[in-house]
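Asker: If you want the building blocks of each chain, they are given just below.
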Amino acid sequence: MAKVSIDRLKKQFGASVAVSDFSLEIADGELVAFLGPSGCGKTTTLRMIAGFIPPTAGSIRIGKDDVTNVPVHKRNTGMVFQGYALFPHMTVGENVAFGLEMHKVPAVERGKRIDNVLDMVRMTQLRDRYPRQLSGGQQQRVAIARALAIEPRVFLLDEPLSNLDAKLRTEVREEIRALQRRLGLTTIFVTHDQEEALAIADRMAIMHDGKVQQVGFPETLYEKPANLFVANFLGKMNIFAGRVESPGRFVTENKLALAIEGSGAAASQVGVRPERIALSTEPVGPNAMPGVVDSSVYLGSLIDVRVRLDSGEVIGCQLPNSAGAQPAAPGTRVHACFRPGDCVLFSE
Amino acid sequence: MTPTERDLRSGKRLGASLAFPASIIVLMVIVVPIVMLFRYSFNHFDASVMVEGFTFGNYVKFFQDPYYRKVFFSTVGVAAASTALALVLGFPVAYFLAKSQSRYKSLFIILLVFPLLVGNVVRAAGWMVILGNAGFINFVLQWLGIIEQPIRLLYTPLAVVVGTTAIVLPYLILTLQSVLEGIDFSVEEAAQNLGASFPTTFRRIVLPIAAPGVAAGTMLVFILSMNAYATPVLLGGSGITMMAPALYDQITKVSNWPFGSALALLLVTATLIMALLSSWLIHRRYVKTMAS
Numbered sequence: 001m002a003k004v005s006i007d008r009l010k011k012q013f014g015a016s017v018a019v020s021d022f023s024l025e026i027a028d029g030e031l032v033a034f035l036g037p038s039g040c041g042k043t044t045t046l047r048m049i050a051g052f053i054p055p056t057a058g059s060i061r062i063g064k065d066d067v068t069n070v071p072v073h074k075r076n077t078g079m080v081f082q083g084y085a086l087f088p089h090m091t092v093g094e095n096v097a098f099g100l101e102m103h104k105v106p107a108v109e110r111g112k113r114i115d116n117v118l119d120m121v122r123m124t125q126l127r128d129r130y131p132r133q134l135s136g137g138q139q140q141r142v143a144i145a146r147a148l149a150i151e152p153r154v155f156l157l158d159e160p161l162s163n164l165d166a167k168l169r170t171e172v173r174e175e176i177r178a179l180q181r182r183l184g185l186t187t188i189f190v191t192h193d194q195e196e197a198l199a200i201a202d203r204m205a206i207m208h209d210g211k212v213q214q215v216g217f218p219e220t221l222y223e224k225p226a227n228l229f230v231a232n233f234l235g236k237m238n239i240f241a242g243r244v245e246s247p248g249r250f251v252t253e254n255k256l257a258l259a260i261e262g263s264g265a266a267a268s269q270v271g272v273r274p275e276r277i278a279l280s281t282e283p284v285g286p287n288a289m290p291g292v293v294d295s296s297v298y299l300g301s302l303i304d305v306r307v308r309l310d311s312g313e314v315i316g317c318q319l320p321n322s323a324g325a326q327p328a329a330p331g332t333r334v335h336a337c338f339r340p341g342d343c344v345l346f347s348e
Numbered sequence: 001m002t003p004t005e006r007d008l009r010s011g012k013r014l015g016a017s018l019a020f021p022a023s024i025i026v027l028m029v030i031v032v033p034i035v036m037l038f039r040y041s042f043n044h045f046d047a048s049v050m051v052e053g054f055t056f057g058n059y060v061k062f063f064q065d066p067y068y069r070k071v072f073f074s075t076v077g078v079a080a081a082s083t084a085l086a087l088v089l090g091f092p093v094a095y096f097l098a099k100s101q102s103r104y105k106s107l108f109i110i111l112l113v114f115p116l117l118v119g120n121v122v123r124a125a126g127w128m129v130i131l132g133n134a135g136f137i138n139f140v141l142q143w144l145g146i147i148e149q150p151i152r153l154l155y156t157p158l159a160v161v162v163g164t165t166a167i168v169l170p171y172l173i174l175t176l177q178s179v180l181e182g183i184d185f186s187v188e189e190a191a192q193n194l195g196a197s198f199p200t201t202f203r204r205i206v207l208p209i210a211a212p213g214v215a216a217g218t219m220l221v222f223i224l225s226m227n228a229y230a231t232p233v234l235l236g237g238s239g240i241t242m243m244a245p246a247l248y249d250q251i252t253k254v255s256n257w258p259f260g261s262a263l264a265l266l267l268v269t270a271t272l273i274m275a276l277l278s279s280w281l282i283h284r285r286y287v288k289t290m291a292s
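As given, the protein sequences belong to chains A and B, one line each in that order. Using our numbering, the letters of the first sequence map in sequence onto residues 1 to 348. Using our numbering, the letters of the second sequence map in sequence onto residues 1 to 292.
Among the hints, erroneous ones may be present.
Said to hold, decoys possible - Keeping only pairs whose Cα atoms sit at most 30 angstroms apart, straight-line, the calculated DSS-like set for lysine-lysine is: (1) A/K211 - A/K10; (2) A/K3 - A/K211; (3) B/K99 - A/K10; (4) A/K74 - B/K99; (5) A/K64 - A/K74; (6) B/K12 - A/K10; (7) A/K236 - A/K3; (8) A/K224 - A/K236; (9) A/K211 - A/K224.
Because the hints were derived from the structure by calculation, they are not lab data.
Make a model of the complete structure from these sequences and hints.
Answerer: Okay, structure coming up:
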């Protein structure tokens with residue numbers, strides 16, 4: 001496996017810019033998720049790395065080699081396609097053998113490697129089946145085995161789980177992660193599902209409008225989102241507009257004073273995650289805003305409560321449905337309390 | 001019987017009764033003439049009239065007369081050559097069309113269909129203008145000084161092959177295009193990703209997947225070519241005789257209905273056998289492996 005260096009990559013289709021100024025270093029054996037809504041440029045970037053789309057500008061290096069102008073079939077990347085793209089006229093074994101034949105692997109070793117990868121994805125028994133005789137999850141496994149058989153330098157996955165049902169999705173996700181760790185595969189995983197990305201990635205790159213918004217560890221991106229897009233794309237966030245009046249003190253447009261941490265004199269917005277807000281009858285801590293419960297939705301493991309603050313804002317809170325939790329009936333007077341450390345500052 | 005069952009039954013009855021008129025027409029215009037030709041082919045021909053009887057003489061005549069054997073093999077030869085030529089010319093166009101995302105794609109398809117609006121005779125007349133002794137090609141070659149005397153292009157087997165290819169090409173391209181459009185493009189990308197060059201991807205992936213559809217299109221074109229009438233008459237002239245014109249001559253010029261009928265049935269049978277044979281071969285080679 002090898003590291004991947006992407007430098008100021010750009011793709012323009014006619015007048016529209018699909019990807020611009022994309023720079024990223026992916027370490028050997030690291031799994032990076034490209035996350036973003038559809039049309040954000042994540043798949044275009046992946047396809048440029050695989051070689052299907054020539055970039056307008058910038059460069060891609062795999063290991064020490066500049067592959068920017070290397071054709072697809074000489075790049076040695078292993079790609080798993082969204083629709084699996086198995087060869088319908090070949091058996092499972094033949095599908096896996098194809099790449100090995102193309103790489104001129106001698107027949108004896110070829111057999112060993114086919115056994116090996118099929119065993120890895122638990123598909124040995126179905127070796128002589130044709131793709132249309134397999135379930136979606138099985139086809140997915142074959143696609144993974146086929147891509148890994150050629151011992152690629154980078155493992156590329158384009159929305160690999162989007163065609164599976166919810167339960168299977170988690171299962172296959174765990175399997176991919178385990179396999180990736182065990183083999184030390186440098187992996188790029190494209191998805192639009194934030195939970196999937198959070199669960200699987202070492203680092204994530206969040207994209208929007210063809211630009212990388214933020215790159216970092218899942219925790220960092222969730223706890224310290226760089227901008228409002230990242231904050232709202234990864235989970236939900238209550239946003240208060242206003243300005244920093246003095247260090248540690250933020251005043252909203254409705255004259256609500258909030259205690260904050262950290263410096264950010266230019267901050268024009270403060271965000272708080274719904275699950276970081278606690279509701280209590282008495283004020284607790286420096287940020288305790290009085291209000292009335294507007295609605296309460298029971299979601300099983302948590303309860304989604306909307307509180308109308310006396311200052312006028314409506315905020316969302318997610319309360320754990322823990323033992324002894326009191327259901328907050330609409331109309332109840334409460335205090336919404338959160339720590340200054342849970343406030344995220346935005347200056348945009 | 002529940003109301004639903006009754007609805008279903010009456011639905012089926014309605015369907016059957018709607019299909020009835022069409023079935024009658026098919027029976028009258030296709031089955032009845034073929035049965036009659038079949039019967040005629042065993043009759044005698046006495047000087048200038050058909051005499052009822054039962055003889056294999058007409059079939060024996062076909063197989064014994066070197067002239068008709070030649071007619072038969074020219075027909076198969078022209079049909080095979082036209083089909084092969086159309087396949088070679090048509091496949092790249094169909095592939096390009098199937099892969100095209102261009103907004104001019106539908107315009108291109110309309111242009112392809114356009115020749116079908118012009119009759120075969122009119123198009124043959126066009127080829128006569130191009131291929132004749134004083135035609136376009138000879139004129140250009142003479143003007144360039146490559147030849148002094150016009151070369152004979154019209155009224156040759158080559159002219160018939162060219163004319164037939166031009167007629168069947170749109171049918172083939174349209175059939176192949178719809179077949180190729182059905183292939184998931186990502187399969188080709190997967191092959192390239194696994195290290196296959198474009199030619200290898202084409203040979204190992206695209207062609208086998210497209211094979212059944214390609215075979216169907218090729219068969220359609222071969223059948224059309226085997227049964228061509230206007231093009232061989234107008235472009236082949238006395239230079240080559242094919243089955244359809246030959247049997248037409250027997251019936252209209254000589255009034256030899258029994259022998260004409262035998263020729264017609266032999267043409268139908270030969271076409272059918274070759275079509276089924278090629279279909280079976282393709283099936284054995286490719287389709288078997290894709291069945292579930």
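Asker: Next step is simple, just say for each hint if it's right about the structure.
Answerer: Going through the hints against the structure:
1. A/K211 - A/K10: OK: A/K211 and A/K10 at ~10 angstroms, within 30 angstroms.
2. A/K3 - A/K211: It holds: about 22 angstroms lies between the C-alpha atoms, which stays within 30 angstroms.
3. B/K99 - A/K10: 25 angstroms, holds
4. A/K74 - B/K99: Cα-Cα ~23 angstroms, so holds.
5. A/K64 - A/K74: Holds. A/K64 to A/K74 sits at ~15 angstroms (cutoff 30 angstroms).
6. B/K12 - A/K10: Not OK: B/K12 and A/K10 at ~61 angstroms, beyond 30 angstroms, violated.
7. A/K236 - A/K3: 33 angstroms, violated
8. A/K224 - A/K236: 13 angstroms, holds
9. A/K211 - A/K224: Holds. A/K211 to A/K224 sits at ~19 angstroms (cutoff 30 angstroms).
Going through the hint list in order, the structure does not satisfy hints 6 and 7.
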